[in-house]
Amino acid sequence: MRVLVTGASGFLGSHLAADLVARGHEVVALLRPGSQAPRLAGLMDRLRVVHATLEDRAALNRHLTTVRPDAIAHLGWDGVGNVDRNAPRQARNVGTTVDLLALAADAGARIFVGAGSQAEYGPCDHVIRETDPTRPTTLYGHAKLAAGAMADRLAALRDVRFAWLRVFSTYGAGDNPGWLISDLIGKLKRRERMALTRGEQRWGFLHARDAAAAFRTVLESDTAHGVFNVGSPDAPPLRDTILTLRDLIDPTVELGFGEVPYRPDQVMLLQADIARLVALGWRPEVDLRRGLAEAVAAHA
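Number 281 in UniProt numbering belongs to position 281 of the sequence shown; there are no gaps in the numbering.
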């Protein structure tokens, strides 16, 4: 299968590109002009690379009509950092997602798999299912929800198989600086004493390789369509995850559990119901301790 991957230079996008190549698929990586794509450094000779922004419809159309992909894996998004969660530019992502699907359909693509987010659900106090109400509290969550809904409708009109994968917390090599696991690893390696909550929150973390495999599973399935949760079926207390990281790096580092109070809106459970993905044959393979050890080893 020839798959055009947007966001291929990003954290999950680079893992997906590697996964697809390893499985024998032809990957076309859409990169921004001038992108150095360090996460793809060891993969470049096995990719076809095209350059354009998602906003440049003319360039996108030119590449799509030349490449003629069978499928689109849309992971590109402007504003994924925490500081951008309520940035007005989140709205532009809705238009670029819908435009990409329309142009891809014109070029003959018949599969479109997009990256949604747990943020579409908003805070929950139970294991989250795809049928649960969506109550996003950030512009990022609203934009993801709107992009998925509009693309789903357009795909039905254009005879494109559409799936929207709501990604929960992920980690692994190449993780974005400032995200929780990467941030914790950096501070522990610098032997910084951290003031923390009691760590009773139960949060599931999924390794990026497993997340990439979920996208590939949906791409390869002839019947997969609609919304899928992509996350860990396990949600240990955050305290346990932090202690595992500390013990992997330096057991002597002091941790200030209980020194920070919980926020009034603190999420105490973040866990995905993954039954729909499991029904396709997917299941996480990287256990948390092994994955954290790999992340520690890969952290610069």
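Some hints here could point you the wrong way.
Claimed, not checked - Quick list of simulated restraints, FRET-style, between CB atoms:
{"hint": "1", "residue 1": "D240", "residue 2": "R62", "range": "29 to 39 Å"}
{"hint": "2", "residue 1": "A87", "residue 2": "A59", "range": "42 to 52 Å"}
{"hint": "3", "residue 1": "T137", "residue 2": "W179", "range": "39 to 49 Å"}
{"hint": "4", "residue 1": "P123", "residue 2": "R68", "range": "19 to 29 Å"}
{"hint": "5", "residue 1": "R68", "residue 2": "M268", "range": "23 to 33 Å"}
{"hint": "6", "residue 1": "T223", "residue 2": "A22", "range": "39 to 49 Å"}
{"hint": "7", "residue 1": "L157", "residue 2": "A41", "range": "36 to 46 Å"}
{"hint": "8", "residue 1": "R23", "residue 2": "R263", "range": "16 to 26 Å"}
{"hint": "9", "residue 1": "A300", "residue 2": "T131", "range": "22 to 32 Å"}
{"hint": "10", "residue 1": "K189", "residue 2": "R62", "range": "38 to 48 Å"}
{"hint": "11", "residue 1": "D247", "residue 2": "A22", "range": "25 to 35 Å"}
{"hint": "12", "residue 1": "D159", "residue 2": "Y262", "range": "40 to 50 Å"}
Worth flagging that the hints you see were computed from the coordinates, not collected in a lab. Here a beta-carbon is modelled for each residue, glycine too, at the ideal position from N, C-alpha and C.
Structure-based check of each hint:
no.: 1; hint: D240 / R62: 29 to 39 Å; verdict: 50 Å, violated
no.: 2; hint: A87 / A59: 42 to 52 Å; verdict: 24 Å, violated
no.: 3; hint: T137 / W179: 39 to 49 Å; verdict: 19 Å, violated
no.: 4; hint: P123 / R68: 19 to 29 Å; verdict: 42 Å, violated
no.: 5; hint: R68 / M268: 23 to 33 Å; verdict: 48 Å, violated
no.: 6; hint: T223 / A22: 39 to 49 Å; verdict: 24 Å, violated
no.: 7; hint: L157 / A41: 36 to 46 Å; verdict: 40 Å, holds
no.: 8; hint: R23 / R263: 16 to 26 Å; verdict: 42 Å, violated
no.: 9; hint: A300 / T131: 22 to 32 Å; verdict: 41 Å, violated
no.: 10; hint: K189 / R62: 38 to 48 Å; verdict: 45 Å, holds
no.: 11; hint: D247 / A22: 25 to 35 Å; verdict: 31 Å, holds
no.: 12; hint: D159 / Y262: 40 to 50 Å; verdict: 49 Å, holds
Hint compliance for this structure: hints 1, 2, 3, 4, 5, 6, 8, 9 are not met, and every other hint is.
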